[in-house]
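Now for the letters of each chain:
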Amino acid sequence: MNIYSLSPLVLLIPVIMFLFIGLLGMRFKPVVSGILGSLGLGIVFILSLLIAYQYFFIDGLTDGIYQPIIAANYQWLQFTDTLIISMGVLLDPISVMMLIVISTVSLMVHIYSIGYMHGEKGFERFFAFLSLFSFSMLGLVLATNIFQMYIFWELVGVSSFLLIGFYYQKPSAVAASKKAFIVTRFADLGFLAGILILSYINGTFDFLTLTSPEGIEITKHSGLTFLGFSAATWAMMLIFMGGAGKSAMFPLHIWLPDAMEGPTPVSALIHAATMVVAGVYLVARMFPVYYFTNPNTLNAIAYIGGFTSLFAAVIACTQYDIKRILAFSTLSQIGYMILALGVSGYGGEHGLGYMSSMFHLFTHAMFKALLFLGAGAIIHAVHSNVMNEMGGLRKYLPVTHLTFLIACITIAGVPGFSAFFSKDEILTAAFHHDKILFYVELFVAGLTAFYMFRLYFVVFWGEDRHYHHKPHEAPLTMSIPLIFLAIASVLAGYIHFGNFVSSDRMPFHSEIQWNIASQSIIVGVIGIVIAFLLYRKVNNVPDHLVKALGGFHKTVFHKFYIDEIYLFVTKKIIFNYISRPVAWFDRHIVDGTMNGIAWITEYTSYRIKGFQSGQLQQYALVFVSGAVFLALIFLYYFFG
Amino acid sequence: MGLTTNIWMFLLFSAIIIVFSFFTIFSRRILRAAVSLLFVLVSTAGLYFMMDYQFMAGVQLTLYAGGIVVLIIFSILLTSTINQKFEKPSSKYLILGGITAVFGAGISIYTILNHPFSTSTESEIPSTMKEIGVQLLNTGVNGYALPFEVISILLLAAMIAAIVIAKKII
Amino acid sequence: MNTLVPLSFFLIVSTIMFFVGIWGFIIRRNLITILMSVELILNAVNLNFVVFNRILFPGHFQGMFFSLFIVAIAAAEASVAIAIIINIYRRFSTIEVDNVSEMKN
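Residue numbers (this note's numbering), protein chains in the order written: chain A, 332 to 971; chain B, 481 to 650; chain C, 319 to 423.
It is worth saying that the hints were derived from the structure and are not from the lab. Cβ coordinates follow ideal geometry from the N, Cα and C atoms, glycine included. Hints are supplied without guarantee of correctness; some may be wrong.
Ranges between beta-carbon positions, derived for each pair [unchecked claim]: (1) A:Leu966 - B:Leu558: 57 to 67 Å; (2) B:Phe506 - A:Ile931: 15 to 25 Å; (3) A:Tyr950 - B:Gly623: 33 to 43 Å; (4) C:Val418 - B:Ala641: 34 to 44 Å; (5) C:Arg408 - B:Glu602: 52 to 62 Å; (6) C:Gly377 - B:Ile633: 42 to 52 Å; (7) B:Ser632 - A:Tyr950: 29 to 39 Å.
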């Protein structure tokens with residue numbers, strides 16, 4: 332039996348688990364929900380591996396090009412002959428790759444959560460939502476048409492909302508989940524507008540049609556313009572706006588640091604490895620359209636990505652909450668991925684940026700999830716998020732220490748570990764396209780190494796503190812995923828990604844360019860050394876630096892006051908000048924009309940009530956008047 | 481002279497009828513209204529006499545003037561409203577009622593004046609008591625025996641009803 | 319003997335009496351005076367029937383007998399009305415038509 336026909340199971344199993352755990356989870360012991368959720372994801376993981384094996388190694392390749400396979404397609408809503416919204420499964424190099432990423436990370440998070448969330452109220456709810464999220468994300472990557480992707484896009488947003496606000500009794504968590512949902516929803520407005528424009532021009536939602544050469548020709552020559560840009564450019568920019576919201580590009584990045592209010596496994600799954608890369612995936616999916624309609628769009632995208640990564644890296648250097656540091660690190664790395672897509676060409680080796688972006692997505696998922704889960708183990712041991720209250724943990728948490736160190740080495744770009752390979756490819760692609768972006772990214776690589784090792788040294792070395800109770804190592808359910816992900820972080824770099832994923836689906840070969848790689852190695856080592864000197868042992872130098880940088884440090888620490896600006900705009904401007912009048916209108920005019928109609932009815936009935944007064948003479952009067960009137964009519968109107 | 485006598489008689493009786501009916505409805509003292517009603521009824525009987533319907537006129541005098549008006553006067557006395565003078569007409573309905581009545585009267589009179597009434601060509605029946613009696617108790621074609629019996633039962637029922645309604649509940 | 323008074327004169331008189339009776343019914347406040355107005359109405363109708371019979375249809379007595387029965391019925395109705403008025407008087411101590419109402423305004 333064809334393994335491809337089993338692919339809809341990948342979607343069905345998580346959603347069934349969601350319904351089952353969600354509705355019936357409370358009847359069993361909590362751990363049963365955890366086991367069921369992990370079991371479901373385990374099956375999905377195995378299925379993904381089988382599908383990937385079948386696709387990449389056995390029959391995906393035809394005539395040197397990986398063929399996209401539509402494993403299932405059900406028509407849902409048909410507008411015209413071609414404009415159809417269907418639900419289906421599309422197997423394609425990037426979607427199969429994403430399948431592996433999502434199922435792996437999700438499975439690790441499930442197993443980890445059995446240990447991390449043990450004893451929490453709402454354990455079953457957590458696993459139900461995790462399955463819902465897995466379902467939504469899988470549906471997003473396997474979508475055959477852009478509208479199906481949009482539907483799952485929104486579902487992912489909902490799952491994220493539910494999971495960030497998991498501790499719903501904490502006001503900060505509620506505020507954070509609201510913020511995430513509103514910001515991404517706002518971005519999705521642009522996304523929808525882009526979808527509508529694009530499908531209007533092309534007459535179809537289907538990905539394969541939209542990205543085929545004929546579809547691109549139609550898009551390019553649509554002829555409509557608005558404010559100097561063609562309709563195609565507008566559509567693609569708006570679609571990118573949706574991606575920017577989900578992937579937290581500047582200025583829609585504000586929700587991601589706050590999203591750390593959710594439990595740590597959630598941060599690992601959603602805000603490191605999967606949901607935030609949805610934007611990258613979207614651009615990758617629509618890449619041919621981006622490339623051929625207007626190269627300036629890709630340029631703009633690259634700059635946005637580059638700026639975001641620089642911006643986030645600078646802020647990460649000043650933060651003290653370990654989860655916030657990791658969140659900004661995520662922002663920075665996604666900036667890398669977006670930049671890589673922006674500088675990419677099309678076709679074979681020119682599509683190096685594309686390939687490296689996907690490669691980095693893959694490796695980043697592994698090591699970032701590892702970092703977050705490791706941070707979770709630290710928090711679990713020390714019961715605090717803040718770096719200043721930790722130190723010398725290497726004695727107490729051996730396994731966590733080792734895996735965390737592996738992850739930090741990886742992200743710093745040390746050769747031999749996975750991120751070195753993927754980052755190097757990105758830098759190469761940037762170098763050949765735009766030198767400014769190359770140097771920016773090089774600097775960011777250095778900063779990355781610095782702040783990650785700052786984190787590492789302060790937490791695991793630094794000052795030996797006296798803890799209230801001895802921090803204990805994480806239980807086995809938490810350690811095993813850490814170990815697995817650590818191994819993956821190391822080994823993933825050795826996959827020749829160009830053989831599998833490329834911009835035009837044709838495999839190509841890529842080599843490490845040592846002249847560029849050496850620059851990144853040097854920068855990374857410098858970052859590590861600075862961190863080592865400043866933080867390995869306790870000393871005053873960091874504090875002196877903070878004082879010396881004074882106001883600048885303060886601004887950066889407050890994330891450049893972007894949140895305050897947003898708050899100002901919404902509260903002072905939007906609420907006062909837009910929301911209040913609208914609310915007034917709704918209350919007084921819309922409601923007023925309804926109330927007015929009711930009042931008229933009541934008043935009329937009050938008046939008419941008088942006809943039934945019970946007064947005999949009134950009845951007589953009315954009766955006689957009526958009779959006279961009728962006589963008048965019958966005698967003189969009808970009969971002359 | 482016979483013609484003019486007829487017309488004079490008619491005019492006299494009509495004048496009495498019209499004037500006293502206005503008195504009936506506008507008089508503020510009840511007893512005066514009752515007496516005005518009496519005059520109206522008697523004048524109507526006079527009109528009947530003029531038309532050679534003596535039986536009808538007699539019935540009118542006996543029942544209406546002698547029976548009903550007396551009954552009304554009795555009830556006035558019984559309900560002691562004789563002491564309440566100056567019953568004012570309800571002002572709300574004065575104008576509205578007046579308009580309706582005038583309007584109605586206008587339409588009716590207009591119709592009456594414009595309608596050609598055609599006389600039937602049957603031969604005249606003498607309106608003697610004998611004829612009336614025969615017709616009243618006749619069971620044949622032109623007989624009114626059945627309504628006569630029904631009216632008797634009605635009167636019986638009315639009598640019982642009046643007694644039942646008006647008796648004191650002990 | 320036929321009167322030589324035209325039919326329409328009689329009818330006008332009875333019409334006026336009829337509408338006066340209606341007007342009185344509407345504007346009077348005492349129950350007994352309302353009853354009197356009703357008697358006026360009935361009387362007008364009576365006159366109408368008799369006049370039609372006498373002038374238009376000399377061949378039979380239908381109109382007259384109808385009037386006869388109307389008189390009988392008027393008597394019956396007046397007696398029952400008086401009985402009711404007495405009852406009302408006992409209950410409300412007044413027979414003003416405004417005061418004997420129990421309905422809320």
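Hint check:
1. A:Leu966 - B:Leu558: 57 to 67 Å: For leucine 558 of chain B against leucine 966 of chain A, whose Cβ atoms are near 44 Å apart, the range 57 to 67 Å is violated.
2. B:Phe506 - A:Ile931: 15 to 25 Å: Violated, since phenylalanine 506 of chain B and isoleucine 931 of chain A (Cβ atoms, about 42 Å apart) do not stay within the stated range.
3. A:Tyr950 - B:Gly623: 33 to 43 Å: holds (39 Å)
4. C:Val418 - B:Ala641: 34 to 44 Å: violated (20 Å)
5. C:Arg408 - B:Glu602: 52 to 62 Å: Holds, at about 54 Å.
6. C:Gly377 - B:Ile633: 42 to 52 Å: violated (30 Å)
7. B:Ser632 - A:Tyr950: 29 to 39 Å: For serine 632 of chain B and tyrosine 950 of chain A the Cβ distance comes to about 32 Å; the hint holds.
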